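Visitor: Given chain B, put chains U and H in place with the hints provided.
Protein chains in written order, with the working numbering: chain B, 1 to 96; chain U, 97 to 193; chain H, 194 to 294.
Please keep in mind that the hints were generated in silico from the structure rather than gathered at the bench. Values in this document were obtained by computation on a predicted structure and should not be read as measured data. Any given hint could be a false lead.
Examples of chain H residues toward chain B, derived with CB under 7 Å [as the list claims (entries may be wrong)]:
1) 225
2) 236
3) 247
4) 259
5) 266
6) 270
7) 274
Pairs of lysine-lysine residues, derived as DSBU-like cross-links and limited to a Cα-Cα distance of at most 35 Å, are as follows [said to hold, decoys possible]:
8) 125/U <-> 234/H
9) 234/H <-> 286/H
10) 285/H <-> 125/U
11) 259/H <-> 125/U
12) 259/H <-> 234/H
13) 125/U <-> 286/H
14) 125/U <-> 288/H
15) 234/H <-> 288/H
16) 234/H <-> 285/H
Ideal placement from N, C-alpha and C gives every residue a C-beta, glycine not left out.
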Amino acid sequence: MNTFYVSLALILLLSVAAGLLRILRGPTAADRMMAAQLFGTCGVAILLLLARGFDALIVEDVALVFALLAALSTVAFVRRAWTGKITPKGRRHDHR
Amino acid sequence: MVVNAFDICLCLTLAWLAWQVLRSHDLFKAVVLFISFGMLMALSWVRLQAPDLALAEAAIGSGLTGALFLSALQRVTGNKRGERRLDRNEERHDKRA
Amino acid sequence: MTIVELIGTGCVVLGIPFFLSGTIGLLRLPDIYTRLHALTKADNVGLGFIVLGLIIQSSSWLEVIKLLLIWFLVLMASATSCHLVADAALRKKIKPWTREK
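Isolated chain B (complex conformation) (with noise of 0.2 Å):
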């Protein structure tokens, strides 16, 4: 096991914490969405440094998992929540 990859983690979870509060002051919800982002992209810099702190392999995969997954719910969000529109009928499209 390695210590000092560890704390390096630990200096990146402090920073996910302090961003948290972006996220809860925030003034528009695009502010928000981007803390988020924000906190997936930390995720994987610290799941790839605790792999290597503490010599697991399989941690490197759920970094990649996350790493796959970043951009979905950013895109959920501006398709979907922020610019998205609702016609009577029910079906969605955008206007361009």
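Guide: Relative to the frame of chain B, chains U and H by itself:
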């Protein structure tokens, strides 16, 4: 020592985040907090030495459920004209513009 | 500690300040657009340094490919979502922040 500090920090942040999800009146804020909660939950599964559960939590908890919640939120709160304001501050931005 | 480990650890440590600056930028900057700027820079370069440092120290090819794939996926995700959010914000006519006078 450092490992203990990491675990304690993770626990405290998780508990605080769960409380914030429950007490927030703004639905959108609750959804975003839930997504971050899923991320930290996956981290704590890794620390509990259950990487398979962490894999499932990362895929389902913070990825798919977040997208589904956001999609549902549009159905719940879209108004008649199809316009959608997630919070009042956006209007303030527009007015200042 | 060998020279390879030293360089790798140096790269990993170099990545941390970028994440910290991303968080500070998220908290301190005044506007959606400026926050997007701080955030994506932090993501890409910070994670890039960490991945580079881990690649230098890693022993198996499989791990190297996995790490590169992770970095590539995060790059794609961050670029796509940043562009989407900025585009939607512009279309919602949210004005970019300017210094008063």
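Visitor: Hint by hint, note whether the structure agrees.
Guide: Verification of the hints:
Using the Cβ-Cβ criterion of 7 Å, the hint placing residue 225/H at the interface with chain B is satisfied: the shortest such distance is roughly 5 Å. With its C-beta approaching chain B no nearer than about 4 Å, residue 236/H sits inside the 7 Å limit, and its interface hint holds. Annotation: interface hint on residue 247/H holds; nearest CB of chain B at approximately 6 Å, less than 7 Å. With a cut of 7 Å, the hint placing residue 259/H at the interface with chain B holds, because the nearest CB-to-CB distance is about 6 Å.
Interface hint status for residue 266/H: upheld, as the beta-carbon distance to the closest one in chain B is roughly 4 Å, under 7 Å. Nearest Cβ of chain B to the Cβ of residue 270/H: about 4 Å, under the 7 Å cut. The hint holds. Among the interface hints, the one on residue 274/H holds; its C-beta lies about 4 Å from the nearest C-beta in chain B, closer than the 7 Å criterion. Between residue 125/U and residue 234/H, the direct Cα distance comes to roughly 25 Å. Compliance with the 35 Å bound is thereby established for this hinted pair.
With a C-alpha separation of about 24 Å, the suggested pairing of residue 234/H with residue 286/H holds against the 35 Å cut-off. For the hint pairing residue 285/H with residue 125/U, the CA-to-CA distance comes to about 20 Å; that is within 35 Å, so the pair holds. Our distance criterion of 35 Å between C-alpha atoms is met by residue 259/H and residue 125/U, whose separation comes to about 34 Å. Between the alpha carbons of residue 259/H and residue 234/H the distance comes to roughly 22 Å, so the proposed pair stays at or under 35 Å and holds.
Taking the CA atoms of residue 125/U and residue 286/H, the gap is near 22 Å; set against the 35 Å cutoff, the hint holds. For the hint pairing residue 125/U with residue 288/H, the CA-to-CA distance comes to about 23 Å; that is within 35 Å, so the pair holds. Our distance criterion of 35 Å between C-alpha atoms is met by residue 234/H and residue 288/H, whose separation comes to about 22 Å. A threshold of 35 Å between alpha carbons decides the hint, and for residue 234/H with residue 285/H the separation of about 24 Å falls inside it, so the pair holds.
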